[in-house]
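Student: So the chains spell out like this:
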Amino acid sequence: MSDYVLQAQDVAIHYGGVKAVDGVSLTLERGQIHGLIGPNGAGKSTVIDAITGRTRLTRGKVMLGGEDVSELGTTERRMRGLSRSFQRTSIFGQMAVRKQVELASHKMGVKDSDADADAVLKELGLTPLADVTAEDLGYGEQRRLDLALALVGRPSVLLLDEPMAGLSVKESLDLAKHLKALTSRWDVSVLLVEHDMDVVFGISDVVTVFELGRVIANGAPAAVRADPRVREAYLGSAA
Amino acid sequence: MSNLRVGMSTAAALAAGAAVALLVSSGTVLSLLTQAVIYAVFATGIALLLRQNGMVSFGHALFFGVSGYAVGIVLQLKLMPAELAVLVTLAGIALAAFAVGLVIVRVPGVAFSMLTLAIGQMFFLTASRSRGLTGGADGMNIDWPATLFGVPQSLLARPAVMFMVCWSVLVLVMLLLVLVLRGRFGAITEAVRDNEERARFIGIRTLMPRAAVYALSATVAGVGGLLSALNTGFVSPEILHWSVSGVGLMMVVVGGYKALWGPPLGAIVYFLARDVLGDYANHWMAIFGIALIAVIVFSPTGIAGALQRLFKGRKTVLAAGAVAARH
Amino acid sequence: MLAINLFNGLVYGALLIVMCSGLALIYGLRRVVNFAHGSLYMLGAYLGYSIALQTNFWVALVAAPAVMLALGVLLDRYGFRLLQDRDPLTVVLVTFGLLLVIEDFVQTVWGKSNLSVPAPAALNMSVDLLGTPVPAYRLAVIAVGAMVALGLSLWLRYSKVGLFVRAASTDPTTTAMQGVNTDALSAGVVGLGTALAGLAGVVAAPFLSLSPSMSSDVIIDSFVVVVVGGLGSLAGAFIAAMVLGMVQALGAVYIPDLAAVLPFVIMIAVLIWKPSGLAGSRT
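Protein chains in written order, with the numbering used here: chain A, 1 to 239; chain B, 1001 to 1327; chain C, 2001 to 2283.
Bound conformation, chain A alone (with noise of 0.2 Å):
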């Protein structure tokens, strides 16, 4: 079981009487790509918000590389190698591409940071537009500016939500490529949540459905898809 690079045990996050997430278990095994899918609403972000720390736990835990670290703060499981992209672009607007995946790297505590976010720039595509103040990018641009931003320090999980949302076609398609590419390259695994079912069965190693704050189905992508209870419940019938 210490296998697993990311470990959700049994997570419950109860809002007075709304159970957000009601006994959710995902395991993330070392370069894998797993996809979180699910109508609006089913508890997807909930569950990235708990694993990273950004919400507490109602119940169960979190462990990441064997270790509990259901205590920590988000700051704190990020040192530790447990990365996230934010599904509104959070950037550092008014400064420059380079110097804040720089300065990012410097604050993880990475020795050689001007290497560091130059790798990480060139991985995503960035450098040309290294000297750029981030508000002035494109959208698809900030986006990956916000995904370089978390993978500052080889974070060892990277958890994505809604990575996709607001790209064209041809920028979803790029993302998923460099996605793949991380996972080998440079060794981070990745938990992601998304709406282009496309892009997820695409991608994704395994695939888990949720709905209503609980997982309904949980496999390879083609059984998945098969499943009549996802079927039924997400993507209609006619599907």
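Worth flagging that the hints you see were computed from the coordinates, not collected in a lab.
Built from N, CA and C at the ideal position, the CB exists for glycine as well.
Some clues are possibly wrong.
[As the list claims (entries may be wrong)] Derived DEER-like restraints, expressed as beta-carbon distance ranges: (1) A:Arg229 <-> C:Tyr2078: 51 to 61 Å; (2) A:Pro128 <-> C:Lys2160: 56 to 66 Å; (3) B:Val1297 <-> A:Arg88: 21 to 31 Å.
[Claimed, not checked] Cross-link-like lysine-lysine pairs, in silico, DSS-like; alpha carbons within 27 Å at most: (4) A:Lys99 <-> B:Lys1312; (5) A:Lys99 <-> B:Lys1258; (6) A:Lys61 <-> A:Lys122.
For chain A, the structure is supplied; the task is to place chains B and C on it using the hints.
Tutor: Same frame as chain A, but now just chains B and C:
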């Protein structure tokens, strides 16, 4: 900005100041320029807080005035030589502002501005009423000694010399800020300003840097206050009034808060408006008010920002022209 | 002696109620801390003076606020509405610029010396209140304050427009989506708020003389009231206004040094402890 450019700009600025001091013969004009320079330092302090923290202070007159009072009191009580008094005052302001900053920078948005307003006014009222030590509403004289940092008072009494002293201090302050802000500290405070949550997420402790910026901006304002105290030999409660903070803020907005030379530009514009507008001198406040509104609406980064955009535009046109010419 | 001071406290408190309700209303709808509010008060007072000179006090009492109402509508339409997408601090600075323009205008038209306005003949006498003679005019001022407080509360609570105002203060977007013309509403409310400032000015004139420093004398107190009362809450403002009025009046006599500083101490404490009153849980 590379070290070479910084060094050259500093030298050029000092030389320009010397040129003005030597070439301008009118004592009145030099006095006016000196006042503008003093307010330029004050405005630079206010702008620092706005640029690095994204916070607007309506209470910086507090630091502008308190430095004069502190030095005055210390000299009156003959506690230490004037040179030491100056340094101790600045250090005291820095520390006190840091402590206050730790508490108040957590207060968001407009609430912070109102808070600075209240704190400033509180000190204004206290100073107006305490006759004993500070002379109350009448103000107090400052017993500067015969020589200060080796410069005799008789020399400082000459407008050209006083101007040069104040100008040099302004240039030095700006140099210091350039050096301090281009490193880690500047990057960290900008990150906190742009996106506090993400800054925390990447491991930045957001409270300390912001309090430090507040302390630094207070100290710069304090330096301006010391120059003012040196220039007039006098300090009175009016200098602590929120309208003084308001004037400083206006200089920052009109001049531009992003460029380092924006606030000094704003100070010059203000004093030009006030003393040079001639026939309209009676209405200069209204004109300045309209200028303030116009700047905010049309060019939020002030005159400096507009000039920078203009210049960047020309550079792009030139570059495009050069590219086209090659084909 | 105490009775007189308490009475004066009530009078000043009533004045603050009229003025600060305007400030609170403008903030509620436009999220603007109107630095120019004190100068609007001053403008109303001076306008009232001129109108009263031509006609009489009672005409001025109606006419000056009416002019201020129109001014307020213009201010909203061509000022606050056009800047509503900007950072709130930006708009605050604009009101600061406006303050300068209005102050200059007042000084240009009416000069810098103090002007006095006599109380209207009907109220220019002493009335016996619980054994102490008090100026009837000041009693009337308290009445005005009470009427404004009561009137506004009832209007907001029970009228349809009042409902819209409360809704728009809480959630402008949804309210607009419900079909309420929030722009017209804002213009009306800002107009009302400005008119209230003007009314406070006219009412204040007979017992506080007119001077160019009028606006700065009250603006800080107004901010204290509105902050301590809680910017979203009119009721809070009413209470805070009364308390501040009392503190100023009593304190000035018995503990002058402390009384001057006390409002600020309270304001600072409130802002540090609960800034959400100003910053708003609604952004």
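Student: Now, for every hint given, state plainly whether the structure supports it.
Tutor: Hint-by-hint comparison with the structure:
no.	hint	verdict
1	A:Arg229 <-> C:Tyr2078: 51 to 61 Å	holds (59 Å)
2	A:Pro128 <-> C:Lys2160: 56 to 66 Å	holds (59 Å)
3	B:Val1297 <-> A:Arg88: 21 to 31 Å	holds (29 Å)
4	A:Lys99 <-> B:Lys1312	holds (21 Å)
5	A:Lys99 <-> B:Lys1258	holds (18 Å)
6	A:Lys61 <-> A:Lys122	violated (36 Å)
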